[in-house]
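Participant: The task is simple: from the sequences and hints, build the whole structure.
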Amino acid sequence: MTKTPILDVHDMTVAYHHKPVLWNIDVTLTEPSLVGVMGPNGAGKSTLIKAILGLVPRAGGEVRIFGQPLSKVRGRIGYVPQRESVDWDFPINVFDLVLMGTYGQVGWFRNPGRKERGWALECMNDLGISDLAGRQIGQLSGGQQQRAFLARALAQKADIYFMDEPMAGVDASTEEAVFKLLQRLRSEGKMVIVVHHDIRSAPQYFDQMLLLNTRLVAAGPTSEVFKNEYLQRTYGGRLMALETAGVAMRDKVPSA
Amino acid sequence: MSDIFTYNTMLVLLGTSLLGAASGLIGSLAVLRRQSLAGDAFSHAALPGLCLAFMVVGERNLAALLLGAFISGILGLVVVSLLRRYTRIKQDAALGIVLSTFFGMGVVLSRIIQNQTIKGSKAGLDSYILGKTAGIIASDVYLIGSAALLCLIVIVFLFKELELLTFDADFARSQGWPVARLDLILIILLGLVVVIGLPAVGVVMMAALLILPGVTARFWTDRLAAMLPVSVGFGVITGAVGTWLSAEYANLPAGPIIVLIGAGLFLFSSVFAPRRGLIARWRRANIIDTSLLDLDTPVFEA
Amino acid sequence: MNMIAFWTILVGILAGVSCSLVGCYLVLRKMSLLGDAISHAVLPGIALGFLLSGKISGPAIVMGAMVMGLLTAYLTQALSKAVKVPEDASLGVVFTTLFALGVVLISVKARNVDLDPGCVLYGLIEFTPFDTTSVFRWEIPQAALTLGATTLFVLVAIILCWKELKLASFDPELSTSLGYPASLLHYFLMALTAGVTVAAFEAVGSILVVAMLIVPAATAQLLTDRLRTMLLVASLLATASAILGYWGGERWNTSVAGMMAVSAGGLFFIALMLAPKYGLVAKLVKQLGLTFRILREDVLGTLYRNQERHGIGLSGADLLPGQLTMVRWMTLKSLVRRQLVNSDQGTVSLTKAGQDRALQLVRAHRLWETYLQQNVALPADHLHAPAEKMEHYVGPVLLDSIAEDLHQPAQDPHGREIPAQHSATNSGR
Chain A
749 MTKTPILDVH
759 DMTVAYHHKP
769 VLWNIDVTLT
779 EPSLVGVMGP
789 NGAGKSTLIK
799 AILGLVPRAG
809 GEVRIFGQPL
819 SKVRGRIGYV
829 PQRESVDWDF
839 PINVFDLVLM
849 GTYGQVGWFR
859 NPGRKERGWA
869 LECMNDLGIS
879 DLAGRQIGQL
889 SGGQQQRAFL
899 ARALAQKADI
909 YFMDEPMAGV
919 DASTEEAVFK
929 LLQRLRSEGK
939 MVIVVHHDIR
949 SAPQYFDQML
959 LLNTRLVAAG
969 PTSEVFKNEY
979 LQRTYGGRLM
989 ALETAGVAMR
999 DKVPSA
Chain B
14 MSDIFTYNTM
24 LVLLGTSLLG
34 AASGLIGSLA
44 VLRRQSLAGD
54 AFSHAALPGL
64 CLAFMVVGER
74 NLAALLLGAF
84 ISGILGLVVV
94 SLLRRYTRIK
104 QDAALGIVLS
114 TFFGMGVVLS
124 RIIQNQTIKG
134 SKAGLDSYIL
144 GKTAGIIASD
154 VYLIGSAALL
164 CLIVIVFLFK
174 ELELLTFDAD
184 FARSQGWPVA
194 RLDLILIILL
204 GLVVVIGLPA
214 VGVVMMAALL
224 ILPGVTARFW
234 TDRLAAMLPV
244 SVGFGVITGA
254 VGTWLSAEYA
264 NLPAGPIIVL
274 IGAGLFLFSS
284 VFAPRRGLIA
294 RWRRANIIDT
304 SLLDLDTPVF
314 EA
Chain C
102 MNMIAFWTIL
112 VGILAGVSCS
122 LVGCYLVLRK
132 MSLLGDAISH
142 AVLPGIALGF
152 LLSGKISGPA
162 IVMGAMVMGL
172 LTAYLTQALS
182 KAVKVPEDAS
192 LGVVFTTLFA
202 LGVVLISVKA
212 RNVDLDPGCV
222 LYGLIEFTPF
232 DTTSVFRWEI
242 PQAALTLGAT
252 TLFVLVAIIL
262 CWKELKLASF
272 DPELSTSLGY
282 PASLLHYFLM
292 ALTAGVTVAA
302 FEAVGSILVV
312 AMLIVPAATA
322 QLLTDRLRTM
332 LLVASLLATA
342 SAILGYWGGE
352 RWNTSVAGMM
362 AVSAGGLFFI
372 ALMLAPKYGL
382 VAKLVKQLGL
392 TFRILREDVL
402 GTLYRNQERH
412 GIGLSGADLL
422 PGQLTMVRWM
432 TLKSLVRRQL
442 VNSDQGTVSL
452 TKAGQDRALQ
462 LVRAHRLWET
472 YLQQNVALPA
482 DHLHAPAEKM
492 EHYVGPVLLD
502 SIAEDLHQPA
512 QDPHGREIPA
522 QHSATNSGR
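Just so you know, the sequences run in chain order A, B and C.
Heads up: the first sequence begins at 749 in our numbering, then just goes up one per residue.
Heads up: the second sequence begins at 14 in our numbering, then just goes up one per residue.
Heads up: the third sequence begins at 102 in our numbering, then just goes up one per residue.
What the hints contain is simulated information worked out from the structure, not anything from laboratory work.
Nothing here was measured: the structure is a model prediction, and the numbers come from that model.
Ideal Cβ positions, reconstructed from N, Cα and C, are used throughout, including at glycine.
Keep in mind that the hints are not guaranteed to be accurate.
[As the list claims (entries may be wrong)] Partial list, derived from the structure: chain A residues whose beta carbon lies under 7 Å from chain C: (1) Arg963; (2) Leu964; (3) Ala966; (4) Ala967; (5) Pro969; (6) Gly985; (7) Ala993; (8) Ala996; (9) Met997; (10) Ser1003.
Facilitator: Laid out in structure tokens, this is it:
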């Protein structure tokens, strides 16, 4: 009897107007680890995460987390969206933002109590932003915003985390803090899947990698996957055959 | 001045204040969700339903009229979202198409009604377009009050859920909150307030009443929990002062005056608000500029 | 047709055409709502113009309207930039406030003239033929003259600034860098919008103006991909709306302006359904065509594989399990009609042509599996499902190039033979 995979994605295809942007993704992750999702711009890295979380519709395929369908394990999932995805002029302060991470545990109608508030503060402490608690979120620097987002995810008390470019456009000390947090989560036995753009820093951060360019080029331990051959195929442009076939699917007629 | 505050005037005053409160509450969320113009589209799209209901049941049955207006307003918004999702029509054009076509339909129907019915009742429908604030009676006040109360209850009980939905819908969805259903609740509340407000202030003014208190309140606070009550306050002041002014000076139409009061508060806030106002921003920008100058000067001299 | 009908329709057509020409640019630039806003916001301009000149039409009113139109466009941007009000909210604030101001001005100062708010909203196109001016002894309605001049002006402006407007609509930054400041052209467009709005206003009211600005242009967008054609189609649609609107208004004794808006909406709906490329019916037909093609091809594939394995045909009832009998029957019927299969006493077998087609499908399936195995990190037992889907989409040219990429493989990952392009000849390479 094999162990139940933590994340099991089976033949997942994501399409916009019937044209696939992600082709037949098949990923099975069994051991808790830090997993980097790497690939060029437009490779579908964010889409991968969003499709796994059910935030964009899947054209086909199946996702299981801890052996369960998504709806059963929502409470064990943490999510850090891209920083630009929200309106930072929104009228809340940093504490309110971090507190949102506990909403899932609190449930309908009730407001977060003393316990949740204390926990949110603790999470802010872990990311070194507790002195910013009363600040309106628009007044934060990019790095501070990212830390607030991470503190919110931490407040979710999840077992598997999905992070969309948590190190994009942040200062060196924040990047360091993010990495420390990632390591801590791993040592606590959590699974962390991180979309990452910087190919140079990647091998030192991640145990495993998913190399993505509209299709999964390679997946596995960093030592096996982070190789010239695979990297060239990942970053060497898209596959003409997939492009042509994708257009045929969009137009609903066979290609030439 | 003493004769101004008759029973009728008090009713009207109460009605517009409550309407201001309700639209301040629900409008704030619409503004933050970038749906400011949904109220405008809804109020235009409500007209044909109103007319159809009138043709079926006659003027007396207020509930039926409001239901007709509500259904056709919702239908309008549904068409907008269908057009945006399934065709190459963009959001802005979809809103424009729906609001002008539905409104045109309303005008056509209302003219047909005018031709059919005896003179005198035609004012009934006309007032929905520019509003007839002075016509508010006790039952209207109860109705507006109930709508305001309903909005208040829903928003108080679902505050945390609505805050999350408004700020970061993707995150809410990833936590398993039923985002589409929460969305629907907000739309229904918005429609309710619009439909109930239409007879009092009219189509265009209703749209304004939904936007103005919210954007004005945003100038004075940085927290949603404070912004909502402040917005309700601005809504009440707008409604009350506007009504009072139009009652004081007989030839001022109440709906537009209410909007102008709201716009005045907005203008004042946008200039003088402590952190987000124009003056504060301007001074902040200048402080940064001069401090940069101070740093730079010695370098050049040395 | 009597003269009154003629003039009413002509006024409607001119109002519609001038608005829809400008509207094309608004729709393309995703600024439809700014058009809507301007059409409301010109009201105080009209009121001021009236107060200053004492007339309900003429240069003072046009000037007032243009100033208000430009002010709306400017204030909307300024508010969202200077004090961070979201753009849609600031648009809403500006146009409703100006509209309210207009209503107040009119009801305070201009109570007893025919410029009442109701007329501004619905317009009184029915009465335009009666307000005439004589030109060379011809009695021509004032509105027809004004709108004719406006239409002409818009046409000339579009022709003169053709490439500039096109460029600024498509790529404002490039336009600015080439020396045609996009912001200048933006405000020029806004002034045009205010101009056509106010010219059409008096005749047809603010709602119809919005309908004519946006609806024909959006309809045209469903029918064509070219700007030139779009302008032409939008004008034709506006003309049709005017004629239908007049007819409907007379038929049901109701507002012609409202009926024009409804007609424009109706034409939009028809285009939405029937447009050749973007229409819903066309999409449905395409989807149905695809579904049946896939069904046919699945039958061919099944027959081929069965013949490969057992060398015999199949009973028709065994094909397409899980499909309705009706669907199965239609699929087989169309395969027989295309002479791809023979159906003999319930046993279905491939014809020569069917054999060729099936071969191509199997080749596509097996090549795609091989291709996926080489290029996509997929376990071997997960290759079948994607290939089953893609065999219906990859055509011969693409297949040849894939085969070449893979160095003409002879076997798929499961060890089955990949057939060559045609059964009669080998690929020869």
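Participant: Run every hint past the structure and note whether it holds.
Facilitator: For each hint, the structure was consulted:
1. A hinted interface residue such as arginine 963(A) counts as satisfied when its beta carbon comes closer than 7 Å to some beta carbon of chain C; here the least separation is about 4 Å, so the hint holds.
2. The beta carbon of leucine 964(A) is positioned within 7 Å of a beta carbon in chain C (closest approach about 4 Å), and the interface hint is therefore held.
3. The closest approach between the C-beta of alanine 966(A) and any C-beta of chain C is roughly 5 Å, which is under the 7 Å cut-off, so the hint is satisfied.
4. About 5 Å separates the beta-carbon of alanine 967(A) from the nearest beta-carbon of chain C, less than 7 Å, and the hint is met.
5. With a least beta-carbon distance of about 13 Å to chain C, the hint placing proline 969(A) at the interface is violated under the 7 Å criterion.
6. Because the closest C-beta pair between glycine 985(A) and chain C is about 12 Å apart, greater than 7 Å, the hint is violated.
7. Proximity of alanine 993(A) to chain C holds as hinted, the smallest CB-CB distance being about 5 Å (cut-off 7 Å).
8. Annotation: interface hint on alanine 996(A) holds; nearest CB of chain C at approximately 4 Å, less than 7 Å.
9. Nearest Cβ of chain C to the Cβ of methionine 997(A): about 5 Å, under the 7 Å cut. The hint holds.
10. Annotation: interface hint on serine 1003(A) holds; nearest CB of chain C at approximately 4 Å, less than 7 Å.
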